[in-house]
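With chain A's structure known, arrange chain B on it following the hints.
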Amino acid sequence: MGSKWNKSNLMGWQFVLLPSALILLFSFYPMIQSLLLSFQSGKGNVYHYVGLSNYARLFSDPMFKQAVLNTLLYLIVQVPIMLMLGLVIAYFLNMPGLKFKGFYRTAIFLPCVTSLVSYAVLFKSIFAVDGILNRMLMSIHIIHEPIAWLMDPVWAKVAIIAAITWRWTGYNMIFYLAAMQNIDPSVYEAASIDGASKTRQFFSITVPMLKPIILFTAIISTNGTLQLFDEVVNITNGGPGNSTMTISQYIYNLSFMYTPNFGYAATVSYAIVIMVAVLAFLQLKVGGEKK
Amino acid sequence: MKKLLSVLLLVSMTASLLAACGSSKSSDSGQSGTGNEGGSASKKVVAWAWDPSFNGAALKIAEELYAKENPGFELEVVDMAKTDLEQKLNTNLASGVKEGLPDIILVNDPNIQKYVTAYPGTFADFTDKVDYSQFSPYKVDALTIDGKVYGVPFDIGVTGMFYRSDYLEQAGFKAEDLENITWDEYIEIGKVVKEKTGKYMSTINPNDEALTSILLQSGGSWYITPDNKGNFVDNPVMTETLRVYKAIADSGIAKPVTGWSEFVGSFNAGDVATVVSGVWQISSIMDAKDQSGKWRVAPIPRLNVEGAVNASNEGGSSWFVLEGSANKDLAIDFLAKTIGGSSEFYERFLKENGGVGSYIPSFSSEAYSQTPEFFGGQAIYTDFTKWSTEVPGISLGMYTQEAKDALKNELPNILNGSDLTQSLANIQKLFEQQVQ
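Read top to bottom, the protein sequences are chains A and B.
Numbers 1 to 291, taken from the UniProt record's numbering, label the letters of the first sequence in order.
Numbers 1 to 436, taken from the UniProt record's numbering, label the letters of the second sequence in order.
With the rest of the complex left out, here is chain A (with noise of 0.2 Å):
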């Protein structure tokens, strides 16, 4: 034990230390601050402790359950979509045959270097009244009167995971092809000389072998999803109605936008981290290596 602790070990300490010391003051301390924070209620600075009152609003606040269903709709429906897309433009990127594989990468990589909120800005433009996509449909005869796509319910979150997955499919996209590089390519030739066709190749080689990248960008995108709040913001201000607002939308309103309730806005940012909790254990469980 005592030669354990040489000197190149205790040299080692003394790297980590100040690291570990700026962790725990800032990242750590406004964690334990805001749990505390997320007992007590009251406006602007005066607070008292209401113990688990605020928890207990959660359960019957409206907003509350309309945010938390919008998020797990983008959620539910858009992170599939997203990683499908993902997986195959990676599959095709990778094809040994492409030509201008390096532009067909570097244009599908493009928009996640682009800022979040000028994207927005485009996409609430593209779906504007008067915005390129309603001429575009009017111009072939499809619609006959522009659609008022953002003052619409349900095509206003049609937009919002239009705008989400032009986003981000491109950077899940550069996880899965760097793991398939990995994969040798003597697999895939056993597997022609065998007889199973592309097809069957990717299915039955590709994303097998990928599995533990897919579980990675699944959590991500999770976490990504539940935390969503630039496109929303930009793109409906959360409209029409509250029909597109995200629990990250709610917390600012909560602390920004409302008489400020910092205690209860911490109390909804506690509820993302259960959730996010939740679906990252519940992804491992089935998505990961049984052992």
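The hints are simulated quantities; they were obtained by calculation from the structure and are not laboratory data.
Even for Gly, the Cβ is constructed at its ideal location relative to N, Cα and C.
Ranges between beta-carbon positions, derived for each pair: (1) A:Gln33 <-> B:Lys60: 36 to 42 Å; (2) A:Phe26 <-> B:Ser53: 36 to 42 Å; (3) A:Tyr49 <-> B:Gln433: 17 to 23 Å.
Some chain B residues flagged as far from chain A (calculated, every beta-carbon gap over 12 Å): (4) Lys68; (5) Gly72; (6) Gly147; (7) Val149; (8) Glu195; (9) Asn235; (10) Ser342; (11) Ser364; (12) Thr371.
Pairs of lysine-lysine, DSBU-like flavour, derived with a Cα cap of 30 Å: (13) A:Lys65 <-> B:Lys229; (14) B:Lys43 <-> B:Lys328; (15) A:Lys65 <-> B:Lys88; (16) B:Lys351 <-> B:Lys294; (17) B:Lys82 <-> A:Lys157; (18) A:Lys65 <-> B:Lys246; (19) B:Lys246 <-> A:Lys157; (20) B:Lys429 <-> A:Lys157; (21) A:Lys285 <-> A:Lys211; (22) B:Lys429 <-> A:Lys65; (23) B:Lys98 <-> B:Lys148; (24) B:Lys337 <-> B:Lys88; (25) B:Lys404 <-> A:Lys157; (26) A:Lys65 <-> B:Lys404.
Below, chain B without anything else, positioned relative to chain A:
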């Protein structure tokens, strides 16, 4: 040797970290603008505002006027986006940090009660510092909480109905036909305009509460009662407001828009015949230079309820002084003598930035009687100031945003034809849940 190096590294890193903490503190107090750098005799105040060409420019005018009498007076205007300003103020006040805040801050009128009530003792009392009888009463009402008046009234949002005289003439209407009409008459005119010119009468945006706010205040009512209860159920003005809103949406005379830029774009592109909005909209309307001479202004239409008038208000802001500011007295004196009581200030503010205040003595000045060519030589400011004295005074309360959101939540159902009484009950319930 290695060990010595690493220890040195560690020490220097820790030191620089501590130094960073220390220096951030000192720079904070520098930002707070208490002006301690220049000693206690400093005559510098710091103000936060959100539009350098409007309220920021107004402060500069005020500074010029005040510095004439008080040499050495210095004002620093910190410009930031409105939402950033509100967010910064909220987080600072809620965390109890007094450093880093300015001496003077601009507050949007619907936020006044919220701030004063949620952060007691934070804002300076102006009750005896300004002669409030010289201001439009509704503006002073918004600043009055428990008999005390906080802050100095600044710009107002008295509303008017801007209209394209050429479109309306084409549809067969004269200026008199638009004077003091009801909203139902407005819709009828709109149908004719749509038929004869193909232009929309107005815009509609179910995500924006500007129109419902205008309608409510014109009937002397608001989303919440003065004691901060929901004002949706058994409120005839609310019922009528939502009936009119639905009628406008159903009649097909309104072009749907989803945001501010589309809204402004609709009249700059000549798509709509009228714009019901605050007086501050003049500058956006005048952006379309090619439409010069075609615009006029009439009073807004009236609700079909007792006591409703053809005048209302949208938006507007006021200046507050922070109680904890080191230069509190100087800041109060500065505001009270300029924005709080100088006709010259309001004349220059109107001429240079197109801003309309609620300071009554300035209304009779030459600046307020100008007749812009853009509006066909109509003395629009004289008209607006006349209407501003007719706007019903209301208490904006501290939960305006919550109430608007509760209404917004139900609005799609109302527009789809659900039972209005039931919808109002739903809104009231939702609102009560939100403000508990």
